[in-house]
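Student: Let the sequences and hints guide you as you build the complete structure.
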Amino acid sequence: MSTITRALHQEHADCDAHFSAAEAAVSESDWDTGRICFARFKQSLEAHLAKEEQVLFPEFERRTGMTAGPTAVMRQEHEQMRWLLEDLESAVFQADAERFLGLAESLMILIQQHNMKEENMLYPMADRAIPLSPEFLAALAVDPEALA
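Numbering-wise (UniProt numbering), the sequence shown opens with residue 1 and increments by one.
Just so you know, these hints were derived from the structure itself, not from any lab.
One thing to keep in mind: the hints can contain errors.
[Unchecked claim] Beta-carbon label-pair distances, calculated as ranges: (1) S20 to P134: 31 to 41 Å; (2) T33 to Q10: 20 to 30 Å; (3) Q94 to Q10: 30 to 40 Å; (4) P134 to M108: 31 to 41 Å; (5) L101 to T64: 31 to 41 Å; (6) A17 to A141: 28 to 38 Å; (7) E135 to A68: 21 to 31 Å; (8) D32 to M66: 44 to 54 Å; (9) Q80 to Q43: 40 to 50 Å; (10) T67 to H9: 18 to 28 Å; (11) W83 to A47: 25 to 35 Å.
Glycine is no exception: its CB is placed at the ideal position from the N, C-alpha and C atoms.
Tutor: What follows is the structure in structure tokens.
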């Protein structure tokens, strides 16, 4: 697995772990833990989406000339995730387990499908198209030694 794919795949795994922890806490009606875990999940997912939209996608589009292709689809899915995040946040702070868990299932399906597209299509394309300069890795906040 090359650098972009490896780094961003790991971020997907980290987000998934936070989300699973929030779901588990809500399932047990542990609302304090659920809110904390959800906040971690939301923060990590928002940071990941921003990194893709502000760093990876523009560089990929610049290098390939593909502006209406995979990155456009990914941006649309990011917006869908953000809408669900807002609804989930409302549910967790209202201690509405049924609503939270229903929305969580919808978001998990969206995230799983989205991540498969990125990890199997977009990231490998980006690995081929984008030279891994120190500046680009720094913009992605990737430690090159961690990927060696």
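Student: Which of the listed hints are not met by the structure?
Tutor: 6, 9, 11
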